[in-house]
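*Asks:* Since the structure of chain A is provided, determine the placement of chain B on it from the hints.
Now for the letters of each chain:
2 protein chains.
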Amino acid sequence: MHSFVRSLITEWRRLTLPCDGEAVVVGVSGGADSVSLLLALDELRQTKKLDIRLVAAHFNHHLRGPESDADEEFVRQLTVERKIELSVGHAKQLGPGNTEQNARNARYQFLHRTAENVGAAAIATGHTMNDQAETFLMNLIRGSGVDGLCGMRAVRLAGDVPPPSADGCEPHDAEEDEHGPLLFTTSRLLVRPLLTWAKRRDTEGYCHSLGVEYRYDTMNEDTAFRRVRIRKILLPLLHDFNPRIIETLASTAMLMQSLPDLPSANTGRELKVSDLVEIERHQVGETIRSWLSKQRGSTRSLQLKHIEAVERLVFSGKSGRVVELPGGRVTKSKGRLVYDNN
Amino acid sequence: MHSFVRSLITEWRRLTLPCDGEAVVVGVSGGADSVSLLLALDELRQTKKLDIRLVAAHFNHHLRGPESDADEEFVRQLTVERKIELSVGHAKQLGPGNTEQNARNARYQFLHRTAENVGAAAIATGHTMNDQAETFLMNLIRGSGVDGLCGMRAVRLAGDVPPPSADGCEPHDAEEDEHGPLLFTTSRLLVRPLLTWAKRRDTEGYCHSLGVEYRYDTMNEDTAFRRVRIRKILLPLLHDFNPRIIETLASTAMLMQSLPDLPSANTGRELKVSDLVEIERHQVGETIRSWLSKQRGSTRSLQLKHIEAVERLVFSGKSGRVVELPGGRVTKSKGRLVYDNN
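In order, the protein sequences belong to chains A and B. So the first sequence is numbered by our numbering: it starts at -3 and just counts up by one. So the second sequence is numbered by our numbering: it starts at -3 and just counts up by one.
Extracted from the complex, chain A is given alone in its bound form:
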């Protein structure tokens, strides 16, 4: 067994991922990372190491004309040859705003629809330590706080609100669009089984060992993208300081994830509604009070009725509402509470 496949099954077991007849959807762009993940899972399935129904899912963004279609064709061929189920989605049109962000949203919505259709227990993506290092740096540079330094998680429950890496590769499962939040109520895992151990050269090496070509996204060379500049300019410079910089940054993100309960919810100016919904019900009020105290400089004039009004705001389900408080107000908008002084 190739060491890449052995490492994958070890990680798969460590993360206690599905292995008992469940369906797993693998997002496959056609690049080395996702192709290696798909083929290694296929090998594990063929050799009966994993009992899963493997479903590849390719989303054609139609962003790069014939190149995009060639990617799709490549993934079709790859899966046909290996008798792997494939679901293909197509971008209809791009919404306004950040193209990268919209493209990612559309892709993840497609992955979730595919998983819904096949009743998959998990969606797997091919993010590597390189992606983790890049995400860490992007978050660090834009000052996204302690949360951002945690980078991506190897396993998340779909519906969790993702860490704040807006311009990163971090998927946003519960996206809000003009039709309101897209919610997934089933307990489906979003997993990145290459994240903690595989580098890009490992995924490329495994593809080479199989004699499999992979597609190369020319957008990976476009330094108009912040992530590409980080990969092409910043990381090589950091590599001069420390040749193991990818491992170092990725393991720093893992260390950050291992910290006990971060008080991140109440340190920033904004308070995430999803953070509040996840904590114990009786702690919500205390968390709100502590956050308000930091925003206002004190809890002066704050009464229980004020805290309770903010709690109602949190649990109301509606968006864009306001609670007036002594000296200021709390507004709920886009899943966040914001405090403003009068």
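There may be inaccurate statements among the hints.
Which copy? The list can't say, so a pair holds if one copy fits it or any two copies do.
[Unchecked claim] In silico lysine-lysine, DSS-like type, Cα no more than 27 angstroms apart, as pairs:
| hint | residue 1 | residue 2 |
| --- | --- | --- |
| 1 | Lys301 | Lys195 |
| 2 | Lys268 | Lys88 |
| 3 | Lys290 | Lys314 |
| 4 | Lys44 | Lys290 |
Since the hints were derived computationally from the structure, they do not count as laboratory data.
*Replies:* Just chain B now, with coordinates in the frame of chain A:
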């Protein structure tokens, strides 16, 4: 009052630093940072905002020949003109090993001796947000773990175990030399009252506003030093990504400092392998680092590769093996790790 002086007194009060007749020793190299700190404290003393006995302390490293002597002469003139007490120390000879490290040790020993002599309640140094950002990056790049991302503290008790910024400007109070550890038993503060708010251009600006020249250390241009490469090459690149990168990195370090302490169950001399095997895989490294930090007194010179070597020892299954570390070694024997100094 100049805004620099106003910011300094605000921070001085926030940190509840001495202001009631105590002596304060200020380390003065002659550069803009330390000169601005000295002169602003002198202004606060003259205007009766602070009731302190101000003692400047200059250490002549004799590393740069006539330049070093000119620095000393500059500080003598500056303090004589303003009737500020001055204590000058001279490097005898440099020990073996890292010159930067030895120079810093000698300087801090001198600062402590001076403080001891005048019965000072605090030693103040002119570290700025720029230094904090550089320290943060140095620690991040060498993979110094969560501790390192906390950077420097604005206030420490002399004798505290310093954070691990081996090749940084982080002073080591409890230095070990050939005569054994240098310990300071009195409760004296080591303070950096510019750290959280002042940038280098602020210290230079204040000096300019007073018409005071300051000295410029040519070693600040020598890219043989890692810190200089970080300042001259890495930070300008990061500045292209985020023009407020200094503030961003410095405030990230502050955020990290505000996190609750890591669980520290591993205070004993021995670490049970079985305990390590039971905890989450990604927490093992941090547990080992934290344990080693306690055994060695600091994480100085500890790199990711050292931690990983000890991890391999833990998971190897074999018994009785040894990992060599800077200054000591870890031995696995009978299911336990033991650390011994050289």
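*Asks:* Please go over all the hints and tell whether each is borne out by the structure.
*Replies:* Results for each hint:
no.	hint	in the structure
1	Lys301 / Lys195	between (34 angstroms within a copy, 17 angstroms between copies)
2	Lys268 / Lys88	neither (31 angstroms within a copy, 58 angstroms between copies)
3	Lys290 / Lys314	within (25 angstroms within a copy, 51 angstroms between copies)
4	Lys44 / Lys290	neither (43 angstroms within a copy, 33 angstroms between copies)
The structure is inconsistent with the numbered hints 2 and 4, although it conforms to all the rest.
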